[in-house]
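Chemist: Residues per chain are reported as follows:
Number of protein chains: 4
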Amino acid sequence: MLLPTYFRQPPNIGGISCPAPLCCTISRFVRFEEVDPLNIAWHGHYASYFEEARVAFGKAYGLAYLDLYAAGIVAPIKQIHIDYKHPLHFDEECRITASLFWSDAARLNFEYEITNKTSIITTRGYTVQLFLSLTGDLYLAKPDYYEEFCKKWENGSFIGELREWER
Amino acid sequence: MLLPTYFRQPPNIGGISCPAPLCCTISRFVRFEEVDPLNIAWHGHYASYFEEARVAFGKAYGLAYLDLYAAGIVAPIKQIHIDYKHPLHFDEECRITASLFWSDAARLNFEYEITNKTSIITTRGYTVQLFLSLTGDLYLAKPDYYEEFCKKWENGSFIGELREWER
Amino acid sequence: MLLPTYFRQPPNIGGISCPAPLCCTISRFVRFEEVDPLNIAWHGHYASYFEEARVAFGKAYGLAYLDLYAAGIVAPIKQIHIDYKHPLHFDEECRITASLFWSDAARLNFEYEITNKTSIITTRGYTVQLFLSLTGDLYLAKPDYYEEFCKKWENGSFIGELREWER
Amino acid sequence: MLLPTYFRQPPNIGGISCPAPLCCTISRFVRFEEVDPLNIAWHGHYASYFEEARVAFGKAYGLAYLDLYAAGIVAPIKQIHIDYKHPLHFDEECRITASLFWSDAARLNFEYEITNKTSIITTRGYTVQLFLSLTGDLYLAKPDYYEEFCKKWENGSFIGELREWER
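Chains as they are written, first to last, in this note's numbering: chain A, 33 to 199; chain B, 33 to 199; chain C, 33 to 199; chain D, 33 to 199.
No lab work stands behind these hints: they were computed from the structure.
Incorrect hints may have been included.
Any copy, or any two copies together, can satisfy a pair, since identical chains are not distinguished.
[What the hints assert, rightly or not] Restricting the straight-line Cα-Cα distance to at most 25 Å, the calculated cross-link-like pairs of lysine-lysine (BS3-like) are:
{"#": "1", "residue 1": "K91", "residue 2": "K174"}
{"#": "2", "residue 1": "K149", "residue 2": "K110"}
{"#": "3", "residue 1": "K117", "residue 2": "K184"}
{"#": "4", "residue 1": "K117", "residue 2": "K183"}
{"#": "5", "residue 1": "K117", "residue 2": "K91"}
{"#": "6", "residue 1": "K149", "residue 2": "K174"}
{"#": "7", "residue 1": "K117", "residue 2": "K174"}
{"#": "8", "residue 1": "K149", "residue 2": "K183"}
{"#": "9", "residue 1": "K184", "residue 2": "K149"}
{"#": "10", "residue 1": "K174", "residue 2": "K110"}
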């Protein structure tokens with residue numbers, strides 16, 4: 033099972049551990065416009081790399097921006113963190129994995145991992161998102177739509193999708 | 033009087049010419065992230081350079097996005113054209129002038145000129161904007177808010193601002 | 033045969049017309065970060081859309097930036113023009129075709145066409161690129177590498193690739 | 033004295049504390065293109081906000097990219113972290129402060145603070161940069177150019193500049 037790099041998982045209680053993370057992987061090429069004068073992808077573009085994987089995750093699992101919006105929720109980014117280990121170069125293909133780790137709190141904890149063609153991990157990071165109503169009020173507990181999602185997650189309903197999206 | 037490079041001005045009728053263009057000039061530094069591997073500002077960023085001058089114009093003359101929006105109008109870009117004469121480099125300061133040229137039609141015709149520190153024109157271009165209602169309907173004639181604006185323009189009400197903003 | 037929207041083709045001489053354009057089509061999704069407060073893709077991002085198709089074209093036909101660079105050539109954008117017909121929305125899939133039209137001059141004349149899922153043309157445009165040496169000197173005639181390319185183009189060598197890339 | 037939010041400062045030894053941080057503040061307006069469909073500045077653009085302040089810092093204190101480059105050094109971003117407390121809106125003016133905190137190691141530790149017009153802190157964050165030679169070798173100790181800089185910092189040579197730049 034994929035272990036978190038940044039987030040702590042809730043402790044096992046009575047031998048029951050929290051659900052395994054859900055993952056989605058995409059591939060992307062580094063664009064000319066994303067490369068800086070040092071001939072590497074400019075560090076600021078990685079927020080876009082992470083987001084592309086997170087958006088694909090949302091579409092795969094039913095947590096897309098439009099799904100949330102239809103349920104009266106927006107989930108703005110509260111925190112981002114990126115560790116740059118190796119640079120990416122022009123036209124280099126990379127794979128970006130977004131993994132949602134379980135939290136008992138009303139938040140989305142994603143970790144990210146970017147690998148290059150030789151399967152070296154070039155970048156790691158995470159984001160934290162909170163839930164707001166469309167009028168801007170903070171959800172202190174998980175909103176209903178996400179609570180439903182979490183129940184399916186606990187019941188193992190996403191195991192098939194997981195396999196399909198991790199190809 | 034500033035002559036248009038791209039737009040034709042309506043002909044003089046009975047010796048009466050259309051109002052002179054309104055201008056606004058800003059300055060901006062080329063950012064690291066905007067520079068490509070050829071060590072010049074990436075050509076795609078110039079739409080942002082033009083927009084920064086156009087936004088400043090809108091604030092100077094009362095044609096800001098929020099002014100239009102409050103009047104029930106949006107003015108999306110219908111056409112853009114850019115001629116790159118000389119490159120801009122990292123941290124180079126440039127001056128960007130947006131000039132609104134008169135049109136009898138329901139559109140905003142802006143021309144742009146970018147000069148570098150040695151006053152060489154590095155870039156020219158233009159944009160055309162149409163007027164839509166907030167529900168997406170095209171205005172075939174100038175919307176009231178812009179018609180008012182044009183009357184002030186014809187009456188020479190902006191001459192003071194013009195001077196102030198061209199400094 | 034695909035006819036140019038913007039560029040004039042050289043006249044038939046003795047019944048011999050210039051080679052048909054070479055085309056390459058990619059697909060792309062509109063990203064969250066590319067969408068502006070009007071809920072449409074911001075007009076300035078289309079330079080990136082065009083470039084993505086042009087880069088794919090370069091890789092398909094042997095005119096990639098790195099191919100040119102290895103031959104001692106860079107080909108900066110001299111002119112861009114974009115006509116926006118219909119907006120693109122968040123997460124909308126679009127197809128972008130870059131078509132290189134023949135020119136007897138030392139320049140690359142690309143036209144672009146973007147279509148949405150319902151095959152409506154949302155956007156058209158073109159770019160003009162000149163050839164420079166790595167030290168910044170303008171090529172007045174086609175550089176050798178591109179002259180070779182043009183000979184293959186005239187001989188019909190790309191017809192197979194064309195078919196493959198237009199799928 | 034400005035205390036760090038994220039970085040630990042070296043302990044006082046024999047009652048001698050490390051030099052106070054060096055600061056530089058700029059102001060910037062949120063651009064139309066930077067605003068997302070939620071009508072707030074898209075979170076990924078803050079790397080640019082931080083960089084603009086860091087670049088201004090470099091020019092103010094003699095640590096500009098080009099200064100470093102001339103000394104045979106590049107200083108890529110190794111880590112970035114951003115905490116979003118309040119959103120920024122279209123055309124909102126904000127002030128961005130970059131503060132360099134002392135480190136005994138061969139790295140640049142910057143903290144950032146963004147405030148809006150009402151002086152509320154909207155955003156905090158930090159970056160860590162390492163030093164590489166132009167051929168990509170990591171500096172394990174401070175390179176000479178930066179060692180010189182640090183001596184001036186310890187000697188209080190920047191106190192005048194500090195005052196000038198914090199206005």
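Chemist: Each hint: holds or not?
Modeler: Now the hints, each set against the structure:
Taking the shortest alpha-carbon separations for K91 and K174, only the intra-copy value of 20 Å comes in at or below 25 Å, while the best inter-copy value is 42 Å. Proximity of K149 to K110 under the C-alpha cut-off of 25 Å is restricted to the inter-copy arrangement: shortest distance 21 Å between copies versus 31 Å within a copy. In this assembly of identical chains, K117 and K184 lie within 25 Å of each other by CA distance neither inside one copy nor across copies; the values are 35 Å within and 31 Å between. Taking CA atoms no more than 25 Å apart as the test, K117 paired with K183 passes in neither setting, with 36 Å inside one copy and 30 Å between copies.
Taking CA atoms no more than 25 Å apart as the test, K117 paired with K91 passes in neither setting, with 29 Å inside one copy and 27 Å between copies. In the homo-oligomer, the alpha carbons of K149 and K174 never lie at most 25 Å apart, since the shortest distance is 38 Å inside one protomer and 33 Å across protomers. Proximity of K117 to K174 under the C-alpha cut-off of 25 Å is restricted to the inter-copy arrangement: shortest distance 20 Å between copies versus 34 Å within a copy. In this homomeric assembly, K149 and K183 never come within 25 Å of each other (Cα to Cα): the closest approach is 36 Å inside a single copy and 35 Å across copies.
Taking the closest pair of Cα atoms, K184 and K149 never come within 25 Å of each other, the shortest separation being 34 Å inside a single copy and 32 Å across copies. For the identical chains of this complex, K174 and K110 are intra-copy neighbours only, at 16 Å inside a copy versus 34 Å across copies, given an alpha-carbon limit of 25 Å.
Checked against the numbered hints listed earlier, the structure breaks hints 3, 4, 5, 6, 8, 9; every other hint is satisfied.
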